[in-house]
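Visitor: Given next are the chains, with one letter for each unit.
Number of protein chains: 2
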Amino acid sequence: MEDTDDDVPLILTWDDANSGLLSEETERGDENGGGGYDIVNNQVIPTPGPPPNYRSHNASLQQSWEMNYQEAAIYLQEGENNDKFFTHPRNPKALAAYLFAHNHLFYMMELLTGVLLMVLSLCEAPAVPSLRLDVYVHATLELLALVMVAFELCMKLRWLGFHTFIRHKRTMVKTCVLLLQFVEAIVVLIRQTSHLRVTRALRPIFLVDCRYCGAVRRNLRQIFQSLPPFIDILLLLLFFMVIFAILGFCLFSPNTSDPYFNTLENSIVSLFVLVTTANFPDVMMPAYSRNRWSCVFFIVYLSIELYFIMNLLLAVVFDTFNGVEKMKFKSLLLHKRSAIDHAFQLLVSRQRPMGVSLKQFDGLMRFYRPRMSSRDRFLTYKALNTAGAPMLSLDDFYKFYEVIGLKWKARRSGEHWFDDLPHTTFLIFKGINLLVKSKAFQYTMYVVVAVNGVWILVETYMLNSGFSWSRMVPWSYIVFLTIYGVEVLLKLTGLGPLAYFSSGWNLFDFSVTVFAFLGLITLAFDMEPFYFIVVLRPLQLLRLFKIKQRYRNVLDTMFELFPRMASLGLTLIIFYYSFAIVGMEFFADVVYPNCCNTSTVADSYRQINVTIGNRTVLDEGYYYLNNFNNILSSFVTLFELTVVNNWYITMEGVTSMTTHWSRLYFMTFYIVTMVVMTIIVAFILDAFVFRMNYSRKNKEPLLDPEDENGIVFEAEVSRDEALATLELYKKTCPGLSSLNSLQGVLLAMDRSGSSSLVYLGRRSRTKSDLSMKMYEEEIQEWYAEYSRENLPQSDRSLVERELDIPPPCPERES
Amino acid sequence: MEDTDDDVPLILTWDDANSGLLSEETERGDENGGGGYDIVNNQVIPTPGPPPNYRSHNASLQQSWEMNYQEAAIYLQEGENNDKFFTHPRNPKALAAYLFAHNHLFYMMELLTGVLLMVLSLCEAPAVPSLRLDVYVHATLELLALVMVAFELCMKLRWLGFHTFIRHKRTMVKTCVLLLQFVEAIVVLIRQTSHLRVTRALRPIFLVDCRYCGAVRRNLRQIFQSLPPFIDILLLLLFFMVIFAILGFCLFSPNTSDPYFNTLENSIVSLFVLVTTANFPDVMMPAYSRNRWSCVFFIVYLSIELYFIMNLLLAVVFDTFNGVEKMKFKSLLLHKRSAIDHAFQLLVSRQRPMGVSLKQFDGLMRFYRPRMSSRDRFLTYKALNTAGAPMLSLDDFYKFYEVIGLKWKARRSGEHWFDDLPHTTFLIFKGINLLVKSKAFQYTMYVVVAVNGVWILVETYMLNSGFSWSRMVPWSYIVFLTIYGVEVLLKLTGLGPLAYFSSGWNLFDFSVTVFAFLGLITLAFDMEPFYFIVVLRPLQLLRLFKIKQRYRNVLDTMFELFPRMASLGLTLIIFYYSFAIVGMEFFADVVYPNCCNTSTVADSYRQINVTIGNRTVLDEGYYYLNNFNNILSSFVTLFELTVVNNWYITMEGVTSMTTHWSRLYFMTFYIVTMVVMTIIVAFILDAFVFRMNYSRKNKEPLLDPEDENGIVFEAEVSRDEALATLELYKKTCPGLSSLNSLQGVLLAMDRSGSSSLVYLGRRSRTKSDLSMKMYEEEIQEWYAEYSRENLPQSDRSLVERELDIPPPCPERES
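First to last, the sequence lines map onto chains A and B.
Counted from 1, the first sequence has number 321 at position 300 by my numbering; the numbering is strictly sequential.
Counted from 1, the second sequence has number 437 at position 416 by my numbering; the numbering is strictly sequential.
No lab work stands behind these hints, which were simulated from the structure alone.
Don't take each hint at face value.
The list treats identical chains as interchangeable, and a pair is accepted whether it falls inside one copy or across any two copies.
Below, computed lysine to any residue pairings styled on SDA-like, alpha-carbon distance capped at 25 Å [as the list claims (entries may be wrong)]:
1) 195 with 536
2) 794 with 387
3) 569 with 245
4) 114 with 499
5) 752 with 151
6) 349 with 740
7) 752 with 573
8) 430 with 761
9) 351 with 715
10) 569 with 415
11) 788 with 484
12) 458 with 156
13) 567 with 448
14) 347 with 715
15) 788 with 581
Note that the coordinates shown come from a computational prediction; the quantities given were computed from them, not determined experimentally.
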C-alpha cells in the first residue's frame with residue numbers, strides 16, 4: 022500500500038469552473054489517444070487563479086478525488102440499475118438533481134404517488150361502498166398526487182437536461198398522460214362530478230415508471246418483444262376461425278333450433294368462444310342432435326385451433342422468450358462491464374494507471390454504499406483482490422458486482438452457539454443438537470406429520486354432518502400441536518436461533534406452528550373473524566415433501582421463482598387495472614338479478630323463489646355478482662374471465678344489456694390475458710428446463726448441501742493489515758463512528774488471541790449466477806467481442822505507453 | 022472390380038448339415054480372436070463327405086454366399102425396424118418362419134385381424150343400431166380373428182424358439198390376452214348372449230403389436246417413460262387438492278346453500294373439477310355471494326394448481342420428453358450401426374476382409390429389396406462408394422440407411438417437359454411457363470384469392486336471413502371457379518404435370534379447385550347429401566399464407582409433423598377405445614331425457630315442452646346425447662371429456678344414475694388424457710423449438726429453395742461401368758427381366774450419344790436427418806463410445822493381421 026498523497030487522478034470530472042468544457046474534453050480525450058492525459062494535467066493546476074502552493078494543490082487534489090469517487094459510484098449504480106449512460110449527469114447541477122432523485126426516500130415517494138393514484142379508483146364513483154369519498158375529496162387527492170408526479174418530473178428534467186428529457190420516450194409519455202390527467206382532475210373539481218374518464222386506465226403508467234417497478238417494466242418489454250410472432254400465429258388462428266365460421270353458418274343455419282350459428286356474427290362469436298372451450302359441448306348439441314356426423318366439424322375445428330395452433334402459439338412464445346432472456350442477460354452483463362470500465366478509469370491515478378488502491382476503493386465505497394461499515398468495505402476489497410497484489414487490476418475489479426452484495430461474518434471458531442457455556446449445560450445442548458440432527462428424529466417427525474394428516478382427513482370426513490366453529494377443540498389438535506411445539510423448541514435450542522432460522526423449511530415449520538397456536542387462542546377466546554387460522558393446520562403436511570429430492574427441487578425452484586412470479590403477477594394486475602377502469606366506465610351497474618332476459622344466458626342471472634313441495638327455495642343464478650360495479654368486483658370478474666370457463670355467460674349478459682360492441686372488450690381482454698398467460702407458462706417452462714439443464718450440465722444436483730446457502734467468499738485479515746487499514750481510514754475520513762467496526766475486528770483478534778481472522782461473505786445464489794455458469798463459453802465470446810468494440814483507444818495507448826508495449830501488429834490482433 | 026469366383030466368405034451361416042453347431046461356433050468365433058476364421062475355413066470344405074472337387078466346391082461356395090446375403094439382409098432389416106438381435110433367426114427352420122412372418126402380406130393380415138377385432142365392437146351389443154349383428158355372427162367372427170392371431174403367434178414361436186418367445190414380454194402379454202379372449206368368445210357363443218366383457222378393453226393390444234403400428238408402440242413407450250416424473254407432480258397436485266378440500270370444507274360447509282362443499286367428498290370432487298376449471302365460477306358463487314372475501318380461497322387455489330403445478334407438469338414432461346427423444350435417437354442410431362457391422366462381417370470374403378464388392382452388395386440387395394431394379398441397385402452402390410475405390414469400406418457401408426431410400430432419376434438434359442416439342446409449340450409453352458413463374462402472376466392470384474375471400478364473407482353476411490341450399494348458384498362462384506380453373510390449367514401446362522404435382526401447395530390448390538367443381542356439379546344436379554363440398558370453398562383462402570415466410574414454415578412443419586401427429590392420434594384413439602368399452606359395459610343406457618333428477622345438473626338432461634305465449638317450444642338440455650350407448654357415441658362423449666369443459670355435467674349425470682364410484686372412471690380418464698395431451702403439447706413444443714434451433718444453429722432457413730425436395734445424392738455412370746456391371750449381373754443372376762433397367766441405361770446413353778449419364782437420387786428429409794445435423798458432435802462421441810465397447814476383438818486382430826498393422830500401443834488408444 023505504497024499510496025502517496027499526491028496521486029493525481031487520470032481523469033477529472035465535474036470541475037466547478039468549466040465543467041461543460043471539461044466533460045466534453047474528457048470525452049474527446051477518451052476518443053483520441055493520450056489527449057485526455059494532457060487535459061487532465063492542465064485541469065489539476067488550474068491556470069486562471071492564484072499560483073498554487075502545495076497546500077491548496079493538495080486540497081484541490083483531494084476535492085478532485087472526491088468528485089471522481091462520486092462519479093465512479095454513480096457509474097456503478099447505473100450499471101447495477103441498468104440505466105443507460107446517456108442519462109449520466111454531466112455537470113454539478115445535474116449531479117445535485119441526480120442525487121436528489123436517486124435515493125430511497127425519493128423512490129418511496131414515487132412509489133407511494135403511483136399507488137395512491139391507482140388506489141383512488143377504490144373511492145371514485147363507482148366506488149367500493151364502504152370507501153366512497155366525496156368528489157371534491159378524491160379530486161383534491163388526485164391533484165395532490167399529480168403535483169407530486171409533476172415535481173418528480175421536474176427533478177428529472179433538471180438532471181437529464183431538456184435535450185435528453187425529450188428524447189427519453191417513457192418520460193415523454195408520462196408527461197403527456199400527466200397533463201391529460203391534470204386537466205381532467207381540474208374539470209372534475211369544477212363540475213363536481215366525474216365524467217366518462219376512460220383515461221384513468223392510463224394511471225398504471227405512473228406506477229410502472231417507479232424505480233422499484235423495474236421488474237414490471239422488464240416484463241412489459243418482454244411481452245412486447247414476444248408480440249410480433251404471437252400476432253402472426255394469432256392471425257392464423259383468427260383466419261381458421263373465420264373460415265370455419267362461414268362453413269358453420271352454411272352447415273348449421275338451416276337448423277332453426279340452433280342459436281349458435283343463425284347469423285354469421287353469432288357463428289364467429291360461437292367459434293371464438295369455442296377456442297376457449299367455454300361453450301363446448303353445448304355449442305355442438307343442437308347440430309349433433311339433428312345429425313350425428315356434425316360432430317366431425319367440431320372435432321376438426323378443435324383439433325386444429327385448440328390442440329394445434331394454441332400449442333404453436335406457446336411454442337413460438339417459448340422460443341422467442343428463450344432468445345429474449347439470453348439477449349437480456351447479455352446486455353445486462355455487458356452494461357455492467359462497461360460501467361465498471363468507466364468507474365475504473367475514474368479511480369486510477371496518473372502515477373498508477375493500471376490499478377485501484379485501497380484508498381481509492383474505500384473512497385468509492387463511501388459514496389456507493391454510504392451505510393456500509395468500514396470493516397465490510399475493507400473485506401470487500403480483500404475479496405476482490407484475489408491475487409494479493411497491492412492494487413486491484415481491472416480484471417479484479419470486474420468481479421465488483423459479484424462481491425458487492427456479500428454479507429460478512431467472522432468464521433465461527435466453534436460450531437455451535439452453546440460452545441461457550443459451562444460444561445454440564447454444554448453437554449445437555451450437545452445432546453439436543455445431536456438428537457435434532459439425527460435421521461431418526463427427522464423421520465419420527467415425518468411419521469407424526471403423516472399420522473396428523475390422516476387424522477385430520479378422517480376427522481373431517483367424520484364431521485360430514487357439517488362443520489361448526491363453536492364445537493370444542495378436538496384433543497388431537499392439542500396433542501399434535503404440543504408435539505410440534507416441542508419439536509420447534511428442541512430445534513431452536515439444539516441448533517441455535519441463527520442456524521434454525523437460516524433454513525427456509527424451519528421458518529415454514531415455525532410459522533405454521535405459531536399460526537396453529539394462534540388458532541388455538543382464537544378458539545379459546547372465541548374470536549370469530551380469525552377462525553380461518555385454525556384451518557391452516559393441514560399446511561403442516563407440506564413438510565412431507567422434504568423427503569423426496571424432486572419435490573425439494575420443485576419447491577426450491579418455486580421459492581426461487583417467487584420474486585419473478587410476483588413481478589409477473591403485478592404486471593397482470595396492471596393490465597387488470599386498466600381493463601377494470603374501462604369496464605367500470607362502460608358496464609357499471611348494467612347487470613343485476615333477473616336482468617338479461619333477452620339473452621340465451623338469462624338462467625344464470627335469474628333470482629327467483631321456487632316452491633318445491635311446501636318449501637320455498639331461492640333459485641339463484643348468481644352471475645349478476647360478476648359485474649363491474651366497483652374496482653374490486655371488476656378484479657374478481659376479470660379473474661373469472663382469465664380462467665375462461667363460462668366467461669361467455671358474463672360476456673353475453675353484459676352484451677344483452679348494452680350493445681353487441683361490448684363483445685370487443687371481452688374478446689380483447691381474452692387475447693391480452695392469453696398473451697400474458699402464455700408468457701407466464703413460457704417463463705415457468707423456461708425456468709424449470711433451465712434448472713434441469715443446469716444440473717445436468719454440471720453433473721450435480723443444484724443444491725448440494727454444502728453451498729445450499731448460496732455463494733460464499735472468504736477473506737483472511739491479519740493483524741498488521743487491519744492496523745494499517747485503520748490508520749489509512751483515520752487519515753482519509755476522521756469521523757470516528759464509521760471506524761468502530763474495524764476496531765471491532767482488532768478487538769476480536771485480541772480476545773481470541775490469534776493474529777488473523779477469517780471472514781466469510783455470503784449471499785444467496787441468483788438466476789444471474791446460474792446463467793453465468795450456463796453460458797460460460799458464450800460469455801467469453803461476448804466479452805471478447807465487447808472489448809474489441811469498446812475498449813477506448815486512449816486507454817490502450819496509455820497503458821501501452823506506460824508498460825512500453827509495442828502496439829499490436831494487425832496479425833496478432835486478428 | 023477384380024472379383025474372382027472363389028472368394029470365400031469370412032463367416033458362414035445357416036449351414037444345413039450342422040447349423041446349430043455352426044451358429045454357436047460362429048458366435049464364439051466373434052468373441053475370441055481370429056478363431057472364427059479357422060472354423061469358417063473348416064466349414065467351407067466339410068470333412069465328412071466325398072473329397073471336394075472344384076465344381077462342387079464352387080456350388081457350395083455359391084450357396085454359402087447366398088446364405089450370407091440373406092442373413093445380412095435380415096440383419097439390415099432388423100436394424101431398420103429396430104428389432105433386437107436376440108430375435109435373429111438362428112437356424113434354417115427359424116429362417117423359414119422369419120421369412121414367412123416378415124412380408125407385407127403377413128403384416129397386412131396382422132393389421133386386418135387387429136382392426137377387425139376392434140371394429141367388432143361396433144356390432145356387439147350395445148351396438149350401433151344400423152350395424153347390429155346377431156350374437157352368433159359376431160362371436161364367430163371374433164373366434165375367426167382370434168384363430169388368425171393364434172396362427173400368427175405360432176409362426177412367431179417357430180421363428181423365435183420357445184426360449185426367446187417366453188422371454189419376450191409383449192408377446193407373452195398378447196398370448197395371455199388371446200387365451201382370455203378365446204375363452205370368453207366361446208362362452209359368448211355357448212350362452213348366446215354377451216356377458217360383462219370389460220376385457221374387450223384389451224383388444225387394442227392385438228392392433229398395437231402389428232408391425233405397421235410401430236409408431237404407436239414407440240409413443241406408448243414414450244408415454245410410459247414420461248410417467249414417473251409426471252406421477253410425482255400429480256401427487257403434489259392431489260396433495261394440494263386434499264389440503265384445500267379440507268380447508269374448503271371447514272370454511273364453506275356452514276353455508277347450507279352451498280352444495281359444492283357440504284361433505285368432504287363433494288369438496289374433493291369440486292376441487293378436482295376446479296383444476297379443470299370446468300365448474301368455475303359456479304363453484305365459487307354461493308360462497309362469494311355470502312362473503313366477498315371468499316374469492317381469495319379460489320384465486321389462491323387456482324393460482325397454485327392451475328397456473329403453477331399444471332405448468333410444472335408440462336415443464337417436467339417436456340424435459341423428460343426431450344431427454345427420451347435424444348436417447349431414442351441414439352439407440353436407434355447405434356442399433357443401425359450394429360446391424361451394419363453384422364451385415365458387413367457377413368459380406369466380406371476371406372480374401373478381402375476390408376471391403377464389400379459390387380457382386381456381394383448386389384447379392385445382398387437382391388434379398389433386402391427384391392423389387393429394386395438392377396439399375397437402382399447399381400446406383401445405390403455407386404452412391405455408397407464415394408471414394409470410387411473398387412470396394413465399399415466399412416465407413417462407406419455405414420451410410421447404407423441414408424442412401425437406401427433414394428429414388429433415382431436421370432438428370433434431365435433439358436429443364437422443361439416440352440423441350441422436345443416442335444419450335445412453335447415450344448415457344449407457346451415456354452411463354453406459359455414464364456407467365457406462371459412470374460411474380461406478377463403469383464401476386465395477381467393472391468389478389469384474386471383475397472377478393473374472393475372478402476366476397477364470400479360479404480356474401481355470407483348478406484345471407485343473414487338464413488342459408489338455404491336450394492338457392493341458385495351465385496354468379497361469383499362461377500367466376501372465381503373459372504379463374505382458378507384457368508390457373509390450374511396454365512400451371513399444369515406451363516410446369517408439366519410432374520413438376521406441378523411435386524409441390525404440396527400445388528396439390529392443395531388442385532384438390533380444392535376440383536372439390537369446388539364437384540360442388541358446382543352437386544348443385545347443378547341437386548345431390549343433397551354432398552352439398553357440404555360446396556362450403557369447402559373458403560379453404561382456397563389458405564393459399565394466402567404462402568406469402569409470409571413464418572406461415573410457410575409453420576405450415577410446412579405442420580405437414581412434416583403430420584405422420585407423427587397421426588400416430589399420436591392413433592395412440593389416443595386406442596386409449597379412447599379401451600375407455601369406451603369400459604364405459605359401454607357399465608354406463609350403456611343409463612342416461613336418457615329427463616333423467617338425473619336427483620343431481621345438481623338435472624337441467625342439462627331436461628327435455629320438456631315449454632309454452633311461451635301461444636307457442637310451444639321444446640326446451641332441451643341435450644346432455645342425454647353424451648352417453649355410452651354405443652361405441653361411436655362413446656367416442657364423441659370421450660372427446661367431450663377430453664376438451665374438459667362441462668365434463669362434470671356428464672360425470673354427475675352418470676353418477677346420479679349409478680353409484681358415486683363412477684366418478685373414478687371419469688377422473689381416471691381425465692388424468693390419462695391429461696398425460697397424453699401433455700405429451701402432445703410437449704411433442705409440438707419440442708418439434709417447433711427443435712426446428713427453430715436447427716435453423717438458428719445452421720444459420721439458414723430450414724427449407725432453402727435449393728434442397729426443398731430433401732436429400733439429393735448424385736451418381737455418374739459411365740458406359741464402361743454400365744457394361745461391366747451388366748456382364749457381372751448376367752453372370753450372377755441370369756434372369757433377363759431384372760436386367761431391363763440396366764440395359765435401359767445403356768439405351769439412354771446411346772440415344773443421347775453421351776458416354777456417361779448422371780443420376781440423381783432424392784428422398785425427403787426426415788426428422789432423423791435433422792437430428793443427425795443437430796447432434797453432430799454428440800454423435801461422434803456416441804460412435805466412439807460404441808466402437809470401444811462393441812468392436813469385436815476378432816475383427817480388429819484379423820484386420821491387423823491382414824494389413825500388418827502393429828497392435829496399438831495403450832498410449833495411442835487412450
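Visitor: Decide, hint by hint, whether the structure agrees.
Guide: Hint-by-hint comparison with the structure:
1. Taking the shortest alpha-carbon separations for residue 195 and residue 536, neither the intra-copy value of 44 Å nor the inter-copy value of 57 Å comes in at or below 25 Å.
2. When the C-alpha separation of residue 794 and residue 387 is checked against a cutoff of 25 Å, the pair qualifies neither within a copy, at 31 Å, nor between copies, at 55 Å.
3. In this assembly of identical chains, residue 569 and residue 245 lie within 25 Å of each other by CA distance solely across copies; the values are 21 Å between and 39 Å within a copy.
4. For the homomeric pair residue 114 and residue 499, neither the shortest alpha-carbon distance inside one copy (67 Å) nor that between copies (77 Å) is at most 25 Å.
5. Taking the closest pair of Cα atoms, residue 752 and residue 151 never come within 25 Å of each other, the shortest separation being 62 Å inside a single copy and 104 Å across copies.
6. When the C-alpha separation of residue 349 and residue 740 is checked against a cutoff of 25 Å, the pair qualifies neither within a copy, at 44 Å, nor between copies, at 62 Å.
7. Taking identical chains as interchangeable, the C-alpha atoms of residue 752 and residue 573 are never at most 25 Å apart, the minima being 52 Å within one chain and 72 Å between chains.
8. When the C-alpha separation of residue 430 and residue 761 is checked against a cutoff of 25 Å, the pair qualifies only within one copy, where the shortest distance is 15 Å, while the shortest distance between copies is 89 Å.
9. Taking the shortest alpha-carbon separations for residue 351 and residue 715, both the intra-copy value of 18 Å and the inter-copy value of 22 Å come in at or below 25 Å.
10. Proximity of residue 569 to residue 415 under the C-alpha cut-off of 25 Å is found in neither arrangement, the shortest distances being 45 Å within a copy and 49 Å between copies.
11. For the identical chains of this complex, residue 788 and residue 484 are neighbours neither inside a copy (47 Å) nor across copies (58 Å), given an alpha-carbon limit of 25 Å.
12. With identical chains, the CA atoms of residue 458 and residue 156 are never at most 25 Å apart, being 63 Å at best within one copy and 70 Å at best between copies.
13. When the C-alpha separation of residue 567 and residue 448 is checked against a cutoff of 25 Å, the pair qualifies neither within a copy, at 30 Å, nor between copies, at 81 Å.
14. Taking the closest pair of Cα atoms, residue 347 and residue 715 come within 25 Å of each other both inside a single copy (15 Å) and across two copies (17 Å).
15. Only within a single protomer do residue 788 and residue 581 lie at most 25 Å apart by alpha-carbon distance; the minimum there is 8 Å, versus 36 Å between protomers.
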